[in-house]
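**Q** Each chain, written out:
There are 2 protein chains.
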Amino acid sequence: MIEITINPGAKIINVPSGTLLLDVLKQAKISIVTTCGGQGSCGKCRVKVSSTAIKGSLLNLTEKKQLSEEEIKEGFRLACQCHLYHNSTITIPSSVLMRNNNSKIEEKSISHLSHYEFKPVIPIKKYFLRLNPPTLKNQSSDWTRIKDELNRVAKIKKERWFIAPDILGNVSQLLRDNNYGMTIVLYKNEVISVEPGNTSKEMYGVAFDIGTTTIAGYLIDFSTGKQIVAEAGSNPQYIYGDDVISRVGFAGKNATNRNIIQQELISFLNQIITSLSRKTGINLSRIYFAVLVGNTAMHHFLWSLPTESLAFSPYIPVLTDEIFKEARDLPDLCLIPHAKVYSTPNVSAYIGGDIIADLIDINIWGKNNNILMVDLGTNGEIVLKGDDKIWACSAAAGPAFEGARISSGMRAIRGAIDRIIITEHKIRYQVIEQTRAAGLCGSGIIDLIASLLKLQLIKSDGRLVNQEECPKGISEQIKERIVKECKSNKFLIVPKEQSAEGKPIFLTQKDIREVQLAKGAVRAGISILLEQARLKKDDIDEVLLAGSFGSLLDKDNTLAIGLIPHISSEKIFSIGNAAGRGAIKLLLSEDMRNMAESLSQKVHYVELSAQHSFSETFTKSMIFNLER
Amino acid sequence: MIEITINPGAKIINVPSGTLLLDVLKQAKISIVTTCGGQGSCGKCRVKVSSTAIKGSLLNLTEKKQLSEEEIKEGFRLACQCHLYHNSTITIPSSVLMRNNNSKIEEKSISHLSHYEFKPVIPIKKYFLRLNPPTLKNQSSDWTRIKDELNRVAKIKKERWFIAPDILGNVSQLLRDNNYGMTIVLYKNEVISVEPGNTSKEMYGVAFDIGTTTIAGYLIDFSTGKQIVAEAGSNPQYIYGDDVISRVGFAGKNATNRNIIQQELISFLNQIITSLSRKTGINLSRIYFAVLVGNTAMHHFLWSLPTESLAFSPYIPVLTDEIFKEARDLPDLCLIPHAKVYSTPNVSAYIGGDIIADLIDINIWGKNNNILMVDLGTNGEIVLKGDDKIWACSAAAGPAFEGARISSGMRAIRGAIDRIIITEHKIRYQVIEQTRAAGLCGSGIIDLIASLLKLQLIKSDGRLVNQEECPKGISEQIKERIVKECKSNKFLIVPKEQSAEGKPIFLTQKDIREVQLAKGAVRAGISILLEQARLKKDDIDEVLLAGSFGSLLDKDNTLAIGLIPHISSEKIFSIGNAAGRGAIKLLLSEDMRNMAESLSQKVHYVELSAQHSFSETFTKSMIFNLER
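So the sequence lines, in the order shown, correspond to chains U and C.
In terms of numbering that gives the first Met the number 0, the first sequence is residues 0 to 627.
In terms of numbering that gives the first Met the number 0, the second sequence is residues 0 to 627.
Hint data in this document are derived by calculation from the structure and do not stem from the laboratory.
A quick note: this is a predicted structure, and the numbers were derived from the prediction, not measured.
The reader is advised that the hints may include incorrect statements.
In the DSS-like style, the derived pairs of lysine-lysine whose C-alpha atoms are separated by at most 30 Å in a straight line are [said to hold, decoys possible]:
| no. | chain 1 | residue 1 | chain 2 | residue 2 |
| --- | --- | --- | --- | --- |
| 1 | U | Lys136 | C | Lys278 |
| 2 | C | Lys28 | U | Lys107 |
| 3 | C | Lys324 | U | Lys324 |
| 4 | U | Lys388 | C | Lys252 |
| 5 | U | Lys478 | U | Lys458 |
| 6 | C | Lys252 | U | Lys28 |
| 7 | U | Lys324 | C | Lys278 |
| 8 | U | Lys136 | C | Lys107 |
| 9 | C | Lys136 | U | Lys25 |
| 10 | U | Lys146 | U | Lys252 |
| 11 | U | Lys136 | C | Lys124 |
| 12 | U | Lys136 | C | Lys146 |
| 13 | U | Lys25 | U | Lys124 |
| 14 | C | Lys252 | C | Lys278 |
| 15 | U | Lys146 | C | Lys187 |
| 16 | U | Lys136 | C | Lys136 |
| 17 | U | Lys187 | C | Lys136 |
| 18 | C | Lys252 | U | Lys536 |
| 19 | U | Lys146 | C | Lys136 |
| 20 | U | Lys25 | U | Lys252 |
| 21 | U | Lys278 | U | Lys252 |
| 22 | C | Lys118 | C | Lys252 |
| 23 | U | Lys28 | C | Lys118 |
| 24 | C | Lys536 | U | Lys187 |
| 25 | C | Lys535 | U | Lys619 |
Derived list of chain U stretches under chain C, where covered just means 3 residues or more per stretch with a C-beta under 8 Å from a C-beta of chain C [as the list claims (entries may be wrong)]:
| no. | segment |
| --- | --- |
| 26 | 168 to 175 |
| 27 | 209 to 220 |
| 28 | 305 to 317 |
Idealized CB from N, CA, C, for every residue including glycine.
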């Protein structure tokens with residue numbers, strides 16, 4: 000191996016001795032002008048090579064023809080002709096460098112991030128201070144007195160400490176009521192609270208995963224770095240619609256609505272915080288840091304940012320950067336006013352901070368294989384990491400996988416069928432909490448369709464067959480479950496006598512179409528990302544299914560319906576609530592917060608609606624058993 | 000001259016060859032332990048001298064007696080015995096160094112500040128931006144789009160810009176309503192406002208001088224750096240008492256009162272701002288920076304900081320540092336929420352930011368002579384600059400000089416006698432706005448007492464003589480004005496027929512005592528500062544009388560009553576409202592804001608009540624004609 004340094008940029012790359020200079024540059028992901036495609040006929044790929052290297056490789060005839068005496072003396076070579084045998088330094092003239100194209104792709108590379116890793120570091124420090132009472136000989140102000148003692152206790156030479164006037168407003172009395180003893184709470188060099196007595200052991204943080212459907216909160220003890228308790232509930236915005244677009248419609252009407260939707264969200268966060276506090280007996284005022292993770296719409300709702308332009312083409316967020324503020328900046332949030340509040344950055348209107356939190360959790364920048372991550376919630380977000388870049392897109396899957404818009408659909412709660420197996424003779428299903436079946440949740444629907452596909456009762460175009468079309472071997476019991484209704488069929492899963500609500504549970508043709516639309520959108524997104532990354536399905540080393548729906552899925556059935564490309568089921572992993580775990584990591588590590596900001600800029604967002612091939616790919620992707 | 004390096008600290012000093020080591024240290028302002036006062040008997044002043052130096056000076060008998068063989072070998076000498084003849088390095092053991100004492104005095108030197116000067120620099124920048132509308136090919140968020148354009152227009156490579164979520168909340172609509180054109184208002188790299196259209200020329204700031212009695216506001220056009228208009232009125236806290244202590248009594252009762260007093264102050268600032276805006280037709284939302292100057296109590300009232308410990312010994316402020324926040328941190332202040340608000344730092348409970356503003360205005364750090372500044376308001380603040388240090392104290396003069404607690408006293412408004420001359424035969428006075436006399440204001444009282452002292456109708460101990468004690472030459476007209484009342488006398492200035500309110504205007508014995516108390520306090524303060532600075536009155540090069548009272552004073556009469564030490568009246572200057580001018584300089588210069596912070600730490604505050612000599616000096620200082 001020889002070491003090649005490439006300027007401008009002093010990029011260093013190791014290649015086998017004898018490598019063609021043009022290939023070295025390709026490997027270094029540096030594009031240069033090669034009009035003739037590397038045949039030596041255009042002579043444009045002139046680059047300067049350090050003299051040591053020239054010695055090892057004599058000029059060939061093509062080079063002698065293309066280069067002037069002057070250029071040869073200066074060390075110029077044609078990149079497409081020159082092989083390198085020694086450690087060399089290459090200098091590419093700016094006229095040869097395809098700067099724009101190159102630098103943009105360069106920018107999005109994540110290879111320089113690979114050495115970062117998650118190590119928990121508590122963001123808050125507390126010190127118990129006992130001050131000398133003031134005298135006529137020492138008339139320092141309360142704050143100066145505190146700073147001096149803080150420098151002494153924190154063993155810091157001379158830090159510039161900051162404090163807000165409203166905190167100072169309490170300090171004076173607090174000191175005098177407590178014999179000049181108090182605990183000071185610091186975020187970096189900023190005092191965020193003062194407390195009577197010695198409370199230095201009580202330090203907590205809270206991480207929120209704000210989903211379109213569900214909001215979860217996790218209380219973390221900063222003294223151990225461990226989660227103590229979690230709490231979750233339905234997003235109260237549900238009343239304005241189950242999808243983001245309806246809620247944007249409500250919020251966008253006027254500023255009052257925007258504030259209403261913000262207030263409802265904050266009230267719900269307060270409910271969770273209060274409940275976490277009640278369960279553990281922990282004083283709310285000891286929670287000093289909150290991390291808020293959510294998709295771009297939830298993020299905008301929370302900060303009362305207008306969402307109208309999120310919903311309509313060209314889908315523009317107001318802000319994609321992280322927000323790092325204080326609790327007082329979120330009206331009526333029940334934390335202390337100067338508690339730190341951090342919202343993850345977003346990538347685009349439809350790839351939000353929740354996906355960034357997923358990526359943080361799976362340590363995507365540290366992986367050296369090709370990874371496909373699919374987060375299936377109300378939308379389907381797809382991330383593909385190939386080589387040293389990350390691509391992402393959002394598929395408008397709609398809430399079908401959450402049971403919405405399905406005739407007997409429901410969420411994965413008590414009474415939902417979450418597993419089904421149908422054989423030629425029999426139907427068997429499993430109901431959450433072993434009660435009577437009330438409906439089908441997402442994983443049940445996938446199982447059901449997969450089974451019916453296997454039995455050929457659903458054709459690959461999605462049509463549910465008539466009884467007479469059933470393949471041989473299908474028993475009468477199963478056949479009879481196919482019921483004609485108007486022009487299409489439906490399949491009986493639970494007769495009314497056995498159902499929870501006395502109504503039969505069917506899978507209708509329309510239900511199948513809904514699932515086809517959803518899976519088609521996700522699958523088309525995957526195809527387009529693979530195209531962008533110039534990868535084939537077999538290049539994928541791991542498929543990660545994130546989100547609660549993902550963790551319920553049966554891998555084989557997921558493959559069977561063609562939601563993801565057909566690869567070995569051993570490569571598929573359900574990773575559950577990665578966003579929640581990512582939120583906790585973000586709470587416990589400034590490095591990870593910086594990583595989130597980097598990732599939000601590095602992820603190469605692909606707007607599906609702007610892809611010419613999208614509608615064709617989408618239509619094709621609706622077909623079940625695509626690859627059989 | 001030889002060069003001596005002193006460790007620890009590697010301080011270098013040049014002294015004549017043969018200088019006593021102890022004198023070298025004194026000159027370097029380094030104090031060491033010398034229990035015997037330098038007689039060589041205590042042997043404590045052991046310091047290590049580099050060998051070269053030892054060669055030049057043999058040990059004397061005292062040293063031989065005090066130092067061990069070991070110490071002599073190591074190079075120890077007694078500082079009080081050893082003379083230095085060559086360039087040497089001295090090392091002072093920490094046990095010998097009087098660390099605290101020394102380092103504190105060192106720190107307070109202002110000589111390193113001398114090259115700073117006031118140069119107006121507008122703190123705010125405005126840029127008109129016209130953005131490219133978003134497309135599916137360029138889905139950057141609104142904020143990213145703004146940042147990119149800002150970098151282009153401001154010709155900055157890659158600045159990290161900041162914006163608050165509440166400003167961003169308006170950006171989206173504003174851009175879309177204005178064809179993607181808008182003006183952005185910056186303080187450093189922070190967006191503090193966004194405005195539709197091109198408003199880049201409209202930029203204003205406001206400076207406030209918040210006095211105990213009067214509040215003044217000055218509107219500054221940032222595009223020219225000039226004052227456009229000013230406005231003043233009475234501090235509304237007047238209803239809680241004319242002095243600070245009564246107001247502290249009210250505010251200290253409970254948190255509600257503290258908020259009331261804050262709110263009244265802010266309402267009044269709003270009145271001034273509104274009036275400045277109305278007079279000029281300038282939109283309030285175009286005022287981006289406010290400087291607030293006031294004494295420590297006004298400062299604490301404004302920021303709702305508790306003031307109780309200001310009022311009672313040991314007189315401790317909550318905060319002496321500058322406050323640099325936003326308008327939204329002062330509840331209901333009528334500026335835009337993110338307008339910058341700066342409050343000057345304080346020195347101590349009774350030397351506040353108004354005195355710092357005085358010092359900024361007079362460029363005290365740049366002067367190379369000895370200056371005495373007296374700011375006479377409700378209190379008398381005294382600042383003495385000698386050599387490279389500044390001393391300050393506050394004399395509890397009370398409001399006598401403002402006409403309060405004087406039988407016929409009043410403020411310097413319409414109807415007040417502000418000038419009086421009394422000769423053996425005649426009394427002549429001048430009334431503000433040439434109307435009938437309603438009372439005496441401060442300058443009138445000083446004139447009056449000075450005249451009566453000159454005529455020996457008031458003795459140097461302050462006693463107003465009886466008619467029969469009058470010196471020869473005093474006419475009957477004047478004599479008759481001395482009226483007996485109980486055990487003391489009073490002097491008639493305006494008979495009831497000539498007065499505005501039909502009541503005679505007298506100077507009573509009690510009035511004289513009030514003035515004696517006030518002038519005694521101020522004069523004692525001056526004496527003690529001179530003592531601290533080891534200066535004599537004749538060392539004073541300039542006396543600056545600050546404040547509106549100071550600017551009305553007759554210099555000779557000020558000297559005559561002994562308010563200031565008796566020096567040539569040519570050295571006395573009335574500098575008027577220096578604090579107001581200082582506030583404007585602080586608005587227009589970050590250097591000056593930094594200077595204010597430095598000065599607040601450099602000023603050597605002298606607590607008069609902690610001086611053993613104070614009561615004696617005070618009693619002596621009540622005598623008129625102290626130096627005659």
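**Q** Determine for every hint whether it applies to the structure shown.
**A** So, going through the hints one by one against the coordinates:
Of the supplied pair hints, the one linking lysine 136 of chain U and lysine 278 of chain C is violated, its CA atoms being roughly 49 Å apart against a limit of 30 Å. With a C-alpha separation of about 59 Å, the suggested pairing of lysine 28 of chain C with lysine 107 of chain U is violated against the 30 Å cut-off. Using a Cα cut-off of 30 Å, the hinted pair lysine 324 of chain C and lysine 324 of chain U holds, with the two alpha carbons roughly 15 Å apart. Taken as a hint, the lysine 388 of chain U and lysine 252 of chain C pair is broken in the structure, with Cα atoms around 64 Å apart against an allowance of 30 Å.
Distance restraint check for lysine 478 of chain U and lysine 458 of chain U: the Cα-Cα separation of roughly 15 Å lies within the 30 Å cut-off, and the hinted pair is therefore satisfied. Of the supplied pair hints, the one linking lysine 252 of chain C and lysine 28 of chain U is violated, its CA atoms being roughly 72 Å apart against a limit of 30 Å. Distance check on the hinted pair: lysine 324 of chain U and lysine 278 of chain C sit about 38 Å apart at the alpha-carbon level, beyond 30 Å; violated. Between lysine 136 of chain U and lysine 107 of chain C the alpha-carbon distance is near 17 Å, which keeps this suggested pair within the 30 Å criterion.
A hinted pair counts as satisfied when its Cα atoms are at most 30 Å apart, and lysine 136 of chain C with lysine 25 of chain U qualifies at roughly 26 Å. Restraint check: the Cα-Cα separation between lysine 146 of chain U and lysine 252 of chain U comes to about 49 Å, which exceeds 30 Å; the hinted pair is violated. A C-alpha spacing of about 45 Å is found between lysine 136 of chain U and lysine 124 of chain C, which places the hinted pair above 30 Å, so the restraint is violated. With a C-alpha separation of about 52 Å, the suggested pairing of lysine 136 of chain U with lysine 146 of chain C is violated against the 30 Å cut-off.
Annotation: proposed proximity of lysine 25 of chain U to lysine 124 of chain U is violated, straight-line Cα distance about 48 Å (limit 30 Å). At most 30 Å may separate the alpha-carbon atoms for a hinted pair to count; lysine 252 of chain C and lysine 278 of chain C exceed this at roughly 39 Å. In summary, the hint linking lysine 146 of chain U to lysine 187 of chain C is supported, as the alpha carbons are separated by about 27 Å, within the 30 Å threshold. Restraint check: the Cα-Cα separation between lysine 136 of chain U and lysine 136 of chain C comes to about 69 Å, which exceeds 30 Å; the hinted pair is violated.
Using a Cα cut-off of 30 Å, the hinted pair lysine 187 of chain U and lysine 136 of chain C is violated, with the two alpha carbons roughly 40 Å apart. With a C-alpha separation of about 75 Å, the suggested pairing of lysine 252 of chain C with lysine 536 of chain U is violated against the 30 Å cut-off. Between lysine 146 of chain U and lysine 136 of chain C, the direct Cα distance comes to roughly 52 Å. Violation of the 30 Å bound is thereby established for this hinted pair. At roughly 52 Å between alpha-carbon atoms, lysine 25 of chain U and lysine 252 of chain U are farther apart than 30 Å, so this suggested pair is violated.
Simply put, lysine 278 of chain U and lysine 252 of chain U have alpha-carbon atoms about 39 Å apart, too far for the 30 Å limit, and the pair is violated. For the proposed pair lysine 118 of chain C and lysine 252 of chain C, the alpha carbon gap of about 44 Å is over 30 Å, so the pair is violated. Restraint check for lysine 28 of chain U and lysine 118 of chain C: the C-alpha separation of about 51 Å exceeds 30 Å, so the hint is violated. Distance hint between lysine 536 of chain C and lysine 187 of chain U is unfulfilled; the C-alpha atoms sit about 50 Å from each other, more than 30 Å.
As the CA atoms of lysine 535 of chain C and lysine 619 of chain U are separated by approximately 99 Å, the hinted pair breaks the 30 Å bound. Only residues whose beta carbon comes within less than 8 Å of a beta carbon in chain C count, and the segment 168 to 175 of chain U has 5; three or more means the coverage holds. Counting residues of the segment 209 to 220 of chain U whose CB lies closer than 8 Å to any CB of chain C gives 0, so the stated coverage by that chain is violated, three being the minimum. As drawn, the segment 305 to 317 of chain U meets chain C at 9 residues by the rule of a beta-carbon pair under 8 Å; at three or more, the given contact holds.
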